[in-house]
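Start from the sequences, fold in the hints, and give me the full structure.
There are 2 protein chains.
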Amino acid sequence: MRLSQEQIDRFDTEGYLFFPGAFSTDEARVLKQAAEDVYRLERDEVWREKSGAARTAFAAHTYNETFRRLGAHPRLLEPVMQLLDGPVYMHQYKVNAKAAFDGDVWQWHQDYGTWARDDLMPEPRAMNIALFLDEVTEFNGPLMFIPKSHREGVYEAGHDLATTSYPLWTLDKAKITELAERGGMVAPKGPAGSVLLFHCNLVHASPPNISPWSRTIVYLSLCHVENHIRRFKRAEWIAHRDFTPIEPLSDDCLAALARAGQAAE
Amino acid sequence: MRLSQEQIDRFDTEGYLFFPGAFSTDEARVLKQAAEDVYRLERDEVWREKSGAARTAFAAHTYNETFRRLGAHPRLLEPVMQLLDGPVYMHQYKVNAKAAFDGDVWQWHQDYGTWARDDLMPEPRAMNIALFLDEVTEFNGPLMFIPKSHREGVYEAGHDLATTSYPLWTLDKAKITELAERGGMVAPKGPAGSVLLFHCNLVHASPPNISPWSRTIVYLSLCHVENHIRRFKRAEWIAHRDFTPIEPLSDDCLAALARAGQAAE
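Top line first, the protein sequences correspond to chains X and V.
Okay, so the first sequence: first residue is 1 according to the working numbering, each after it adds one.
Okay, so the second sequence: first residue is 1001 according to the working numbering, each after it adds one.
Quick caveat, the hints were computed from the structure, so don't treat them as lab data.
Glycine residues also receive a C-beta, built at the ideal position from the N, C-alpha and C atoms.
Here are the simulated lysine to any residue pairs, SDA-like style, with alpha carbons at most 20 angstroms apart:
hint, chain 1, residue 1, chain 2, residue 2
1, X, K189, V, T1137
2, V, K1233, V, P1124
3, X, K233, X, W47
4, X, K50, V, K1050
5, X, K173, V, E1049
6, X, K50, V, K1173
7, X, K50, V, D1172
8, X, K189, V, G1184
9, X, K175, X, G153
10, X, K148, X, F18
11, V, K1175, V, G1158
12, V, K1173, X, E138
13, V, K1148, V, T1170
14, X, K173, V, E1138
15, X, K173, V, K1050
A few chain V residues that don't get close to chain X, going by computed Cβ distances all over 12 angstroms:
hint, residue
16, R1125
17, A1157
18, E1236
Quick partial rundown of chain X residues pointing at chain V, CB under 8 angstroms, derived from the structure:
hint, residue
19, F101
20, E138
21, F139
22, M144
23, K173
24, I176
25, T177
26, A187
27, A205
28, P207
29, P208
30, S211
31, P212
Below, the structure is given as structure tokens:
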């Protein structure tokens, strides 16, 4: 997963990179099984939709062995360390469910908008890297990006406490319209195991999932260790306070579990 | 728009036919202008989302000249008369807005389910033909079909009075899952002016429109004159009671308005 100069340039221009099938079907399967395990837990970290379906499991790398390994996987860590030019820590870790029929909308937002406002992260020197645990199609609520929308810093936003079960700083309609007229819109789609890396200022959203197919995605939000957050307002399992550099594990750390035929708890 | 035997066979198998660009850009533009005119009206026929944005204008062919012409347009009428094998009347006429940002979901349903239950239409000898007034993309809430789901008649359904502003007989999750595993899912996309014809038992839905692009579609629900409804429970402008066969106008009836440069009210 060492990025080429062409990929680095494309990331700088468009704000994202997509790697269909970067993880094997077996690796994705063992992670999907782990996701189902954590969604069954009654923990503060597991948030639910208004319907009761799982929406997000936060910090699953701290209480599930399979997700612990994924949180230090070199195929996710190394490209981010390369782009951020140094060691990284885990700012946030989410297993987002977007359940069949019930998975609700995520409104238009920039992740760094929240990290700056709520957590006082000094610079947008942080990044998301996402791994699909299900096939993502046009039907099951894919992530929608506005390319090039990461280049002007943080836009004004309002704090939406009403639309879904999760509070979010969301952008207004006029700004989204302007950005989309300029940059267009994309919705990367691909098999389970695909990896999507995007700038923490890239404007994105995802529609509800009305299909019968679930759409689970793991998000690692990685931050350069020098750029750690300065305010501890949100729960520790939403905005982590352990700024230790992550040491990547070996590339086969999940394949070993997959061979053993089951997720580790 | 005379259908070939191959098209008729495909309709019987899949439950729908799609004709990208069947109407010209100019024809679509004059109709879009007419849609904006009718959405501004304060009439019982114009329904709004919970947000206040227009959702549907019913029976616009009865109070707008441009939509009157579309309601007798040979490019819409003739393929339906061919498939239903005889003269048709207008059972329902809707201009559905699916507004940018605010357009809400239509849950999984069969149109004939409603027509049979609410209106006592004797047979599924009726059909929808839809015309896109905006480009329909993967981003602005396209119609999603489950191919082949029209072949087993009407499925059980529950009357959903809560999800949106419009009451609808909707199918349960287990049935949708079973049908989609068998038939898959499609979401026809194309430019303004595209035409989509589908069986009145074909299971369909559409997700909310979270994009900055509106997605207006006109739906003509045409019924064989012998198969007219027997119960008049719903408003006359939702389920029409004029069973007179529609005489198709000339093919250039809208182009004439487009040349004149504006919609007729």
